[in-house]
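S.K.: One letter stands for each residue in the lines below.
Protein chains: 2
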Amino acid sequence: MPKIVDHEERRKRLVEAVWALAVRGGTEKVTLRKVADEAGVSMGQVQHYYPSMQALIRDALDRAVQAVNASIENAVRTAGATGPEALLRACLHALVSPDEESMRLMRFSLAVAGRAVSDPTMARVLAPGDDELLSFTAGLITAARQEQGGEPRGEERTDADICWSLATSLGVDVALGYRSPDAARSVLDHHIDRLLGSGRHETAG
Amino acid sequence: MPKIVDHEERRKRLVEAVWALAVRGGTEKVTLRKVADEAGVSMGQVQHYYPSMQALIRDALDRAVQAVNASIENAVRTAGATGPEALLRACLHALVSPDEESMRLMRFSLAVAGRAVSDPTMARVLAPGDDELLSFTAGLITAARQEQGGEPRGEERTDADICWSLATSLGVDVALGYRSPDAARSVLDHHIDRLLGSGRHETAG
DNA sequence: GCCATTACAATGCGATCGCACTGTAATACG
DNA sequence: CGTATTACAGTGCGATCGCATTGTAATGGC
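Residue numbers (this note's numbering), protein chains in the order written: chain A, 2 to 206; chain B, 2 to 206.
Mixed in with the good hints there might be a few duds.
The list cannot tell twin chains apart, which means a pair is met if one copy fits it or any two copies do.
[Said to hold, decoys possible] When the alpha-carbon atoms are kept at most 25 Å apart in a straight line, the in silico SDA-like pairs for lysine to any residue are as follows: (1) Lys4 to Gln46; (2) Lys30 to Ser53; (3) Lys13 to Ser72; (4) Lys13 to Glu101; (5) Lys4 to Gly45; (6) Lys30 to Ala124; (7) Lys13 to Arg25; (8) Lys30 to Ser119; (9) Lys30 to Arg125; (10) Lys35 to Gln55; (11) Lys30 to Ala68.
Derived from the structure by calculation, the hints contain no laboratory data.
Input sequences plus hints: build the corresponding full structure.
M.R.: Right, dumping it as structure tokens:
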């Protein structure tokens, strides 16, 4: 009956505007008017797709989390056939990637983290990996150890947990500019070296 | 000449109000009026001690960072005579302490982290340990390894770096309620076990 | 005592906020 | 065709913001 538009495209555009604004000036600088300006639409349109500011920020966060997960899955797909150790490294590297889009997502997540302190509905941000991811990672660690002739130690799940916590922390450092992506990767690789017991590891400038 | 008051006491009171407000509702809910109310003083007094909102938040952040450092130093002083390994554990545990004050500081730091994304003057928050702390920690690791008959491996500084990154990440998880302090400590201890336990991959286990 | 100076208290102001509300162009369906 | 419905655009409102400004009580040095 009415005009038919692509809602998904509209929301995506608005969320992109939120990301850009939050990265530039923190979530406190995200206002209905500025989002509208940034997206090149009217304030009315923003209100049409989101009932409140909260809802808009929350959707932006949901999509950011989803995008980060997608980048991890993408790393898995890309490095899938290269063996468990390389795959493990590739997954973790996704959090400290120098890729511009990846940096934006991390920065936005960090910007929203401040709200998560008091707003439980924002609680997904910077959260430890979910069960599925941890199990998958633990499996990689086990496989990598067996591949090197070692034996599983029965605590691979905690090891995986540590890996993701470390990677998250390094990702935050990269997002805040405290470390270069290369430096972060090198630290991450050092940890994996120790974790798997192999002495081999090269630094990338 | 004029009425003489304790400036330090005044500022401390205002900063405490900022901490409380930010933890309750994020930094966006920190306003001059609410700080004044929370501290039980007038808005005029807040303006008298801080020229702008930014300056107030920044001082609150500086004092929070200082307080966290103090809690680490306190851990060092308390556990100083118990040997390098116990000391190492005690230091790192300071970031995941169940202590109410410690949790408040971590939560506030996290709340401010959102601003640090775009405001370089807030950049001290969640930063990696400084050179002094890293050197000190690296020394602890070296000493602990020697105490166990192991040999230093020449990369203790990176190991120390990893320890603090991990502890920070776990501290964030605790602050956000994703982990209990006990669970975080247990993860941290697991990492230290591995770190000090064995360096040889052939007979590891 | 006098007074310059400090330490506030209180109010005012322009800007901006989220959101409600109103108006209007477009279109699939009968 | 008409029309109900969608998809906006634009505006208005009350609240709130940071900060400037003004007023005043207190006090140590002369």
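S.K.: All the hints need checking, so say for each whether the structure fits it.
M.R.: To see whether the hints hold, each was checked on the structure:
1. With identical chains, the CA atoms of lysine 4 and glutamine 46 are at most 25 Å apart within one copy only, with a shortest distance of 14 Å there and 57 Å across copies.
2. With identical chains, the CA atoms of lysine 30 and serine 53 are at most 25 Å apart both within one copy (15 Å) and between copies (17 Å).
3. In the homo-oligomer, the alpha carbons of lysine 13 and serine 72 lie at most 25 Å apart inside one protomer (17 Å), although the nearest pairing across protomers, at 44 Å, exceeds that limit.
4. Proximity of lysine 13 to glutamate 101 under the C-alpha cut-off of 25 Å is restricted to the intra-copy arrangement: shortest distance 18 Å within a copy versus 40 Å between copies.
5. For a Cα distance limit of 25 Å, the shortest separation of lysine 4 from glycine 45 inside one copy, 16 Å, qualifies, whereas the shortest one across copies, 55 Å, does not.
6. Proximity of lysine 30 and alanine 124 under a CA criterion of 25 Å is satisfied in both settings, with 20 Å inside one chain copy and 18 Å between copies.
7. Taking the shortest alpha-carbon separations for lysine 13 and arginine 25, only the intra-copy value of 18 Å comes in at or below 25 Å, while the best inter-copy value is 31 Å.
8. Taking CA atoms no more than 25 Å apart as the test, lysine 30 paired with serine 119 passes in both settings, with 18 Å inside one copy and 10 Å between copies.
9. Both within a single protomer and between protomers do lysine 30 and arginine 125 lie at most 25 Å apart by alpha-carbon distance, with minima of 21 Å and 21 Å respectively.
10. In this homomeric assembly, lysine 35 and glutamine 55 come within 25 Å of each other (Cα to Cα) both inside a single copy, at 15 Å, and across copies, at 21 Å.
11. For a Cα distance limit of 25 Å, the shortest separation of lysine 30 from alanine 68 inside one copy, 23 Å, qualifies, whereas the shortest one across copies, 29 Å, does not.
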